[in-house]
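Peer 1: What follows is the residue order along each chain.
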Amino acid sequence: MSTPQESLVADFDERGFFRRLSAFDWVWALAFLAGTIYASVEFAPWMDRYEQGILYLSWATLVGVGWMWKQARLFSIIVAVVTLFSLSRYPDLAAGQSDFFLNYLLSSQAAIMWMCALFLAATPVYFAGLLLRAPFLERVGTALTWLASGAGLVGLLVRWWESYLIAPEVGRIPVTNLYEVFVLFAFTTGLIYLYYEFRYKTRAMGGFVGLIICASIGFLLWYHFAQGAHEIEPLIPALQSWWMKIHVPTNFVAYGAFAIAGMVGVAYVVQARNPEAWKRRGLPSAEVMDDLMYKNIALGFAFFTIATILGALWAAEAWGGYWSWDPKETWSLITWLNYAAWLHLRFTKGWRGVPMAWWAIIGVAVVTFTFLGVNIFLSGLHSYGEL
Amino acid sequence: MASVPQDIDAPRRQRRSRGNVSILLNFLGSMNLAITLLVAVAIASVIGTVVQQNQPYEDYLSKFGPFWFPIFDKLALYDVYSATWFLGILGFLLVSVSVCLTRQTPGMLREMGKFREHQQERSLRAFTNHREWQTRLAPDEVEAVAARALKYNGLRMRRKDHGDAILLAGMAGSSNRIGYILTHLAIVVICIGGLLDGNLMLKYREWTGDLTLETRNIPVSQIGEESRIPPGRSSFRGMVNIPEGGGARVVFLPLRDGYIVQELPFRIEVEEFRVEHWDTGEPSLFESDLIVTGDNIDEPIHHTLRVNHPLIIDGYAIYQSSFGDGGSMLSLRGWSLLGDGADPLDIEQRVSDREEIEIAGNSLILELTEFETFNTRRVPGVESREMEELGPSFEYRLRGADGSAREFHNYMRSVEIDGRRFFLSGMRTAPQEPFRYLHIPADANDRPDTFFMFNDILSSEERLRDASERGAAVAMQEFGLNQEELVPQVAATGRELVRQLLDEGFGAVMTDLEARMASQGEEGAQQSLVMFSRLVLERTLWEAFSDALRAAGDDPDRELGESDQMFFQDALSTIPALAEYGVPLFLELDSYNHRQATGLQIARAPGANIVYLGCALLVAGILLLFYVSHRRIWCWIRRDGERTMLLVAGSNQRDPLTFERKFAELGEEFDTRLRAAESESHKSRQPPGDA
Ligand code: HEM
Chain A
1 MSTPQESLVA DFDERGFFRR LSAFDWVWAL AFLAGTIYAS VEFAPWMDRY EQGILYLSWA
61 TLVGVGWMWK QARLFSIIVA VVTLFSLSRY PDLAAGQSDF FLNYLLSSQA AIMWMCALFL
121 AATPVYFAGL LLRAPFLERV GTALTWLASG AGLVGLLVRW WESYLIAPEV GRIPVTNLYE
181 VFVLFAFTTG LIYLYYEFRY KTRAMGGFVG LIICASIGFL LWYHFAQGAH EIEPLIPALQ
241 SWWMKIHVPT NFVAYGAFAI AGMVGVAYVV QARNPEAWKR RGLPSAEVMD DLMYKNIALG
301 FAFFTIATIL GALWAAEAWG GYWSWDPKET WSLITWLNYA AWLHLRFTKG WRGVPMAWWA
361 IIGVAVVTFT FLGVNIFLSG LHSYGEL
Chain B
1 MASVPQDIDA PRRQRRSRGN VSILLNFLGS MNLAITLLVA VAIASVIGTV VQQNQPYEDY
61 LSKFGPFWFP IFDKLALYDV YSATWFLGIL GFLLVSVSVC LTRQTPGMLR EMGKFREHQQ
121 ERSLRAFTNH REWQTRLAPD EVEAVAARAL KYNGLRMRRK DHGDAILLAG MAGSSNRIGY
181 ILTHLAIVVI CIGGLLDGNL MLKYREWTGD LTLETRNIPV SQIGEESRIP PGRSSFRGMV
241 NIPEGGGARV VFLPLRDGYI VQELPFRIEV EEFRVEHWDT GEPSLFESDL IVTGDNIDEP
301 IHHTLRVNHP LIIDGYAIYQ SSFGDGGSML SLRGWSLLGD GADPLDIEQR VSDREEIEIA
361 GNSLILELTE FETFNTRRVP GVESREMEEL GPSFEYRLRG ADGSAREFHN YMRSVEIDGR
421 RFFLSGMRTA PQEPFRYLHI PADANDRPDT FFMFNDILSS EERLRDASER GAAVAMQEFG
481 LNQEELVPQV AATGRELVRQ LLDEGFGAVM TDLEARMASQ GEEGAQQSLV MFSRLVLERT
541 LWEAFSDALR AAGDDPDREL GESDQMFFQD ALSTIPALAE YGVPLFLELD SYNHRQATGL
601 QIARAPGANI VYLGCALLVA GILLLFYVSH RRIWCWIRRD GERTMLLVAG SNQRDPLTFE
661 RKFAELGEEF DTRLRAAESE SHKSRQPPGD A
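Line order of the protein sequences matches chains A and B.
Residue numbering for the first sequence follows this note's numbering, beginning at 1 and increasing consecutively.
Residue numbering for the second sequence follows this note's numbering, beginning at 1 and increasing consecutively.
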């Protein structure tokens, strides 16, 4: 053997996590740090110390995600560059109509419409890839999902800017009404899905997850065209709080993960009717899907717990009590208990299989009610997002 | 999946003899009970969101009817979350978790320190995840490699010499077990904190007769000692509305259909309450200027309280919670709808006061319930999506002698609909109904006067006489009839037609006329008679309208245009609707002196910090539980003739699939490491340059 022994040792990389990071990892993290510092100084007049804290926390979160999931780095760079480009052409609201790029691509409206179109395209492409056993189509599905998620994120970031263009005191993070959180839901679900696609090395779930994203996009489009919900409206006093910035996004990570778990549940049920045929098409085995379902419910449960606690802390400050049994709060508790029961059965009784998949699907119905139904059917203190 | 070897990982169930106590404990700590309770709490919570909680009892009564109302009341469905049965389920849950926790914790803690270095080769081979190597390396060299690999993978390690073999037992992620403990401990801690802050103490004191619920709406000074709680250390959460310029030393703790008064160790005065609005009309700011004084407060505290920014004084937290009217003084003009020609009443009344008023010998109780200066909304009853600022509005009830009441919602200013202006007055007979709006056309001066004058004239035989005679004369002239003596007769017919028009509508008048004329002569004559009658009606109405204009201070001889024509039409269609209005009185808001009240929520929550601690435990616990995997790796190293045998086995309870992958990676790692070590040792045994 002519291979020098050193290389055999070197074959096994014994360095720790940080030492294994590449120069690019560091440059990327530092570049975003620089951007964060710039933003924290430049926009200081509009932020209190909590908001400054949240800004740096977001940076740390981004870096953590990017270091563990390398694709997130490129994604973040592209989103940042595109957003900055959009902002540079956006000195006032009128530019949104007159500037070619803004009008057709990068104003928040245009970007959100692109997100809708791309998600609507990604789903059938994924399904075609699965049914025709065409890996190429599935890769196209992945590309479309990345683009759609990027468009959605850019859309919200630009919308943030637009709210300040209306008037500085109107400016606020765009996660404050149903329209905005539907956009948030669509692309967070897309991104969480992409992460698991990468982790589990299977694109077969894309179409299934796409279904729920498309459903939310259907609602979004209806809400936009029939209700004119895309207008940026200023905030009522109860929502003028920095808690908003952490409470809502945390919640939507949870909702996204629960939604994915439910859709994997659908795939699971579909597969269980004819395992052989579906396996040949490339659907992962029942065990893998079960695992995926569990991972998403666990992720969702963790984030949902945190989000609910953040909500309680906020309520303590805004309503004078951390728990008021307001319908939204109560339904959060119901959702939480539902998944806690699911997890217990899995942990301690070792339940698996179709019933648990159905349960995950029902879980999505419960989540949907918490997220949407409560606003429509029940009245309470959560005043945003009435239809 | 490897179920057998994993079982050794589970804590040993207690082997004590099965007495009654242990059967009970087993039941309480059982998973089935826990799941049942989780689902029970969830379902009970649903009920509380479907039935709106803590509404006034009359609302429930009218919603559920006299049969269900008391049944639901008995089941405490109007306040589910402090119902005994609900707290009972929660208590059960708490017991269940506590039992589970006390039963499992010792085993788990013991388990965390155990490396299981007594495993034998045979049992290791029984693991799903195991792999074996034969190498030329010496046992101690293999051991070094294995130790390094385990360490690199973050496992703590124990070494045991089994005589013919060496066992390295590695373990990582035992904090996963702490996660289990923290999670469940957190549930207990949160429930305890929550109970401390709940109103259990209040209910207990009510139950023992120590406190009595006050259900009457009376001034604080008249509320007896038995319904008061002096300032203390206990928790509470109450509300108080304080008008501008007023103050309060108490808050009200709502309970079922009454309340308890909680006294405060300080007094809060409200200097001013402000609402600011965005251009869209949505509120942008609520704030109150407060002055707080008290025995333990040296300097009066001046503070501006805002939503989301509570003021904390000595453990009491004060929140800007709501606002309302603090007794604005309204100057009202009461228009009689009876057609009695009475002058409008002048009424001065405070919002939330009730006073008796006299109309045509009947007395009514006027209860002013609400007043708002801003109303940004869609024009009621109009299909339009545009929000508009409709200006001040007020609500009131008019209660008859029999106690029945109608509610009204009137706007101060006229509102534009289809290019015309109307004064809107909403009426409903029950609180759960929507308001139905009467459209009173505004006259050329943007006033309702002309309409009421017009109504007055049309409704009274007396006042209509003059107009009807003029109308009859004009009509006859236009028709070419010059018989003066017939004027009174024609005028009487005109008045009759007007009455019929107001009672039955224009269509009825025409069909009736045609029917009546049918008996009279040939067809041509019939038609001209109908036309003549119609002309008389129109002219009479128009003359009455001119009188109304004059009475309202307008000039009837000015050129009357299209807008007057419109007004005339609108008035004629509104007058018949007055019959359904139900009361002979329309209240117009003339001017007001606005006085607001701020709604403060005041709470003491000594349990809050316990709850927050519990939340922190919960988050930490869940993260440990989900994201730290508890795994064990054993390396069994035995000399096997010339060679050395390495057996690596591993287990992980919670995440078998991921672990399988991880274990495969570990196998590859061992491959690489062993190969590297082999060539290393080969090199060191051979003289250099011999490769
Ligand atoms: C909300 C109220 C909860 C109740 C009433 C409850 C109750 C229980 C009970 C009775 C057990 C069985 C203990 C035994 O076998 O003796 C158990 C086990 C367990 N619970 Fe919970 N639990 C609750 C919340 C949670 C939460 C929020 C989590 C977090 C995800 C959790 C995670 C677990 C785990 C992992 C086990 C299995 C422990 C093991 O066997 O290794 N529990 N729980």
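Simulated from the structure, these hints should not be mistaken for laboratory data.
There may be inaccurate statements among the hints.
Below, a list of computed lysine to any residue pairs in the SDA-like style, where the Cα atoms sit at most 20 Å apart [claimed, not checked]:
1) A:K201 x B:L124
2) A:K201 x A:Q71
3) A:K201 x B:L90
4) B:K203 x B:L124
5) B:K74 x A:R89
6) B:K662 x A:K349
7) B:K203 x B:L90
8) B:K662 x B:V261
9) A:K349 x B:M31
Peer 1: Compare the distance between the alpha carbons of A:K201 and B:L90 with 20 Å, and conclude whether the hinted pair is satisfied.
Peer 2: 43 Å, violated
Peer 1: Does the structure keep A:K201 and B:L124 at a Cα separation of 20 Å or less?
Peer 2: 31 Å, violated
Peer 1: Has the given pair, B:K203 with B:L124, been kept, meaning a C-alpha gap of at most 20 Å?
Peer 2: 60 Å, violated
Peer 1: So if I understand the rule, the pair passes when the alpha-carbon distance is 20 Å or less; does B:K662 with A:K349 pass?
Peer 2: 24 Å, violated
Peer 1: Given the hint that A:K201 pairs with A:Q71, does the C-alpha gap stay at or below 20 Å?
Peer 2: 14 Å, holds
Peer 1: For B:K74 and A:R89, compute the direct alpha-carbon distance and say whether it is at most 20 Å.
Peer 2: The given pair, whose Cα atoms are some 65 Å apart, is violated under the 20 Å limit.
Peer 1: Between B:K662 and B:V261, does the CA-CA distance stay at or below 20 Å?
Peer 2: With a Cα-Cα distance of about 63 Å, the restraint between B:K662 and B:V261 is violated, given a limit of 20 Å.
Peer 1: Take the C-alpha atoms of B:K203 and B:L90, compute the straight-line distance between them, and say whether it is at most 20 Å.
Peer 2: Within the cut-off at roughly 17 Å; holds.
Peer 1: Given the hint that A:K349 pairs with B:M31, test it: the Cα-Cα distance must not exceed 20 Å.
Peer 2: 8 Å, holds
Comparing the model with each numbered hint stated earlier shows that hints 1, 3, 4, 5, 6 and 8 do not hold.
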